[in-house]
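Assemble the whole structure, with the sequences as input and the hints as a guide.
The letter at position 282 of the sequence shown is residue 282 when you use UniProt numbering, and the numbering goes up by one with no holes.
Calculated from the structure, these hints are not laboratory results. Heads up, a few of these hints could be off.
Stated by the list, open to error - Pairs of lysine to aspartate or glutamate residues, derived as EDC-like cross-links and limited to a Cα-Cα distance of at most 20 angstroms, are as follows: (1) 218 / 190; (2) 26 / 265; (3) 272 / 77; (4) 26 / 14; (5) 263 / 250; (6) 106 / 9; (7) 210 / 241; (8) 272 / 140; (9) 210 / 185; (10) 202 / 241; (11) 26 / 80; (12) 272 / 217; (13) 272 / 240; (14) 106 / 140; (15) 26 / 96; (16) 26 / 74; (17) 26 / 185; (18) 272 / 260; (19) 106 / 83; (20) 218 / 268; (21) 26 / 216; (22) 26 / 153; (23) 272 / 113; (24) 26 / 77; (25) 106 / 96; (26) 26 / 76; (27) 272 / 96; (28) 272 / 259; (29) 26 / 9; (30) 202 / 190; (31) 272 / 80; (32) 218 / 241; (33) 263 / 185; (34) 263 / 216; (35) 202 / 140; (36) 218 / 240; (37) 202 / 216.
What the hints assert, rightly or not - Computed beta-carbon distance windows for the label pairs: (38) 27 / 171: 16 to 26 angstroms; (39) 125 / 262: 13 to 23 angstroms; (40) 180 / 148: 42 to 52 angstroms.
C-beta: ideal position from N, C-alpha, C; glycine also.
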Amino acid sequence: MAEPIPAGEQSSYETFRDCLSEPVLKALAAPTEKPKPKKKRHVKKGSKSGKSEVVKQEPVQANIERSEEAAGTDAEDLGEFIEYLSTLIFPSLPPELRTLTHSIFKDSPNLQDLYTTPLSASTYTTLLQHIPPSAIDSLESYGLLPPMSDTIDQHNLLTPLLTTYISAVTAPPPVWSSTRATACELCSRDWVPLTYHHLIPKAAHARVRKRGWHTEDKLNSVAWLCRACHSFVHRLAGNEELAKSFYTVELIQAGGVEEDVEKRESVEGWVKWVGGVRWRSR
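This is the structure:
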C-alpha cells in the first residue's frame with residue numbers, strides 16, 4: 001500500500017494527479033457509444049419473419065444498458081489507475097518539486113533556473129530518472145507507452161506532464177479568481193482542481209475583433225473546467241470555431257450556435273463518462 005501523502009504536499013499531489021489524469025483520459029477514456037438499433041424492415045402481412053423482427057429489437061436496449069454499466073465500471077477502474085500512478089510517481093519527484101508554489105518559485109532564483117518552462121534538457125533528463133520502474137511498467141501495460149519503451153518514448157509522454165504540473169503550481173493566482181466556481185461547469189465534479197478556459201480563445205482575439213464577432217467586454221469571459229473537460233473542449237473545435245459558436249458553457253453543451261447534434265451528443269457522452277472518474281478518499 002502506498003505511503004500517505006504528507007499534509008504539506010497534499011495540494012501539490014492533487015494538482016499532479018489532475019495533470020496526470022488529462023493524458024491518461026485522453027488516451028484511454030473515449031466514452032462508449034450507444035449501439036444503434038437496426039432499422040426495422042417492412043414485412044408483408046402474414047410473413048413468417050414478422051414475429052422475429054419484433055424479437056430482434058428487444059436485445060438492443062439490453063445491449064445499451066450493458067454498455068453503460070461497462071462504461072461506469074471502466075471510469076471507476078481508470079480513476080483507480082490514475083490514483084495508483086500518481087502515488088507511484090509523485091513521491092519519487094525531488095522534494096522541492098513536491099512543495100513548489102508560486103510564492104516559493106518567484107523568491108528563488110535557483111528554482112527558477114531549474115524549473116522555468118520549457119524545461120531544459122538537463123532538468124527533464126534528471127526528473128525522468130526519478131520515475132520508478134514500476135510506474136514505467138504500468139504505463140507500458142496500459143498502452144500509454146510502447147512495450148520496452150526507451151528514453152525518447154518516456155520523454156515524449158512524461159516531460160509534457162511534468163511541464164504542465166510545474167506550470168500549474170508556479171502560476172500566479174488568475175485575475176478571474178473572484179469568478180471561480182466550486183465544481184467543473186461541464187461535468188460538475190467538485191473533487192478535482194479547476195482551470196480557467198477562455199471561452200473566446202486568446203489566439204482568436206485578433207480575428208474576433210476584425211470580424212466583429214463579439215464586443216470587447218466579452219473577450220475575457222472564462223469558464224471554470226476540470227483539466228480533462230478543458231482538454232476535451234479544445235478537441236471539440238478549433239480556436240476560431242470555439243470563438244464563433246461555443247463561446248458560453250450553454251453553447252458547448254448544446255452543440256454550438258448551430259446546435260450540431262453530433263457535437264451535442266459527444267459532449268453529453270463525455271460529461272456522463274468523465275463524471276464517473278473518481279479518486280479514492282485519502
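Hints the structure fails to honour: Violated hints: 1, 8, 9, 12, 13, 14, 15, 19, 20, 21, 23, 27, 29, 30, 34, 35, 39; rest satisfied.
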